[in-house]
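Generate coordinates for the entire structure from the input sequences, incorporating the hints supplied.
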Amino acid sequence: MVLDMDLLQIVQPVILCGGAGSRLWPLSREMFPKQLLSLTNQHSLLQNTILRIRGIKSAEPILVSNEQHRFIVAEQLRAINVKHDGILLEPVGRNTAPAIAVAALHAIRHGQDPILIVLPADHTIEHIPQFEEAILKAVNLASEGALVTFGIVPKHPETGYGYIRQGQAMSAGFKVSAFVEKPNLELAKQYLESGEYLWNSGMFVFRASQFLAELATFEPHMLTACQQAVAEASQDLDFIRLNKEAFAASPDNSIDYAVMERTTKAAVVSLDAAWNDIGSFAALWQDAAQDTQGNAVKGDVLLEDSKNCYVHATQRLVTVVGAEDLIVVETADAVLVAPRHAVQDVKKIVSRLKQTKRAEATAHRRVYRPWGYYEGIDQGQRYQVKRIGVNPEASLSLQMHHHRAEHWIVVNGTAEVTCEDKVYLVTENQSTYIPLGHKHRLRNVGKIMLEMIEVQSGSYLGEDDIVRFEDVYGRT
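Just so you know, we're using our numbering here: the sequence shown kicks off at 1 and counts up by one.
Simulated from the structure, these hints should not be mistaken for laboratory data. Among these hints, one or two may not hold up.
Unchecked claim - In silico DSS-like pairs for lysine-lysine, Cα to Cα no more than 27 angstroms straight-line:
#	residue 1	residue 2
1	K307	K155
2	K83	K347
3	K244	K265
4	K347	K357
5	K175	K265
6	K244	K354
7	K175	K189
8	K348	K182
Structure below.
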């Protein structure tokens, strides 16, 4: 087989970075999900997804995200010095088929017709050369009109993945004979022994126009809704806001059900590159470096007489004694303890937390904003204490509170404070007071992170007690 390297001139990555990752709670929360976390190295899963394709010559990536993660996504791209060809914001979740459709429509907006490499942002792949070789094979198949998916060479009888049965051989892969739902253990063993089945990876390669043509055949209402959502989209700083009403009218469906299982053009390229879908703590344990007893740890952890455990500490020392096949995850506001075989049920805990409207279901104690972050330290009746970090040269909105006053103490950096008609500087070890009802703004005028302690006092301390008058992030 001869790989056509010139095809890479018209390749464009599409990164799907929506989703909540509820099975990785309490590390993953709705406001800061797993794809934005650094779980395997110093980079987040999203950053690793983009970095692993840097060896493939291609156009700038298109990203599909939801609105509440937009600033974090943009900041993580900036941190690894990656430019993009658009961050498309989904106003509501509609699964992978509509997400890929709007990305394909965006890719062809200037009359181009690139081959798209569609990658979820929550996978890990250890062997990059093998991954690049598989991409080249898939790109060649896509240039011939195929809709290509990657099938992972199975290493054990897995019941948590769907499977793909390989059919007739093609120039660089195989036709798809069948997509198979997640099997029971006995079927999974048969699939493994046959050598005909691969794990369904959820990664795809196809020409943008070819995918849209198949979508028009099988899901015309979805295509129409996505076309309208893109046509009526609006630009918001670095982001593209899809039209909410139009996108919400799209059917909710995955690319597998909407297209891949119905098209006659489906092809599969096998991939043996130490791939993992980080969908649970069991997968994270499997992907992590383990000691001689099979334990994987992160953070300040001390184990005694324990085997095959995954222990993750973020805020304090965590000790485990005499345990086997156990998952222990500690964060600032929650602790999870579960046997490794039951971690798929963590999402049930998240559902119960949401039913009782517990904040731990959706947000961490540290909450990220476009200007930096705030983190709860303490709270009581009529007061709460927060740690605030403001990025260099960033600014909060000009705002006012009806029900609370604020005391600010600078511990690092220099703050420019606006309070009504006064503008003044507050430096390290200095403090200032913002009375209830006063218009105010906080800005970091320095080149280093501004770190502060904020003490709020008043009759109501909710985050919705904010009236914004001016905001560089368009939130007024």
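Hints, verified against the model:
Pair hint K307 plus K155 holds up; C-alpha atoms about 22 angstroms apart against a cutoff of 27 angstroms. Annotation: proposed proximity of K83 to K347 is violated, straight-line Cα distance about 34 angstroms (limit 27 angstroms). Between the alpha carbons of K244 and K265 the distance comes to roughly 32 angstroms, so the proposed pair goes past 27 angstroms and is violated. At most 27 angstroms may separate the alpha-carbon atoms for a hinted pair to count; K347 and K357 meet this at roughly 15 angstroms.
A C-alpha spacing of about 8 angstroms is found between K175 and K265, which places the hinted pair at or below 27 angstroms, so the restraint holds. Between the alpha carbons of K244 and K354 the distance comes to roughly 24 angstroms, so the proposed pair stays at or under 27 angstroms and holds. A threshold of 27 angstroms between alpha carbons decides the hint, and for K175 with K189 the separation of about 23 angstroms falls inside it, so the pair holds. At roughly 20 angstroms between alpha-carbon atoms, K348 and K182 fall within 27 angstroms of each other, so this suggested pair holds.
Hints 2, 3, counting from the list given before, are not met by this structure.
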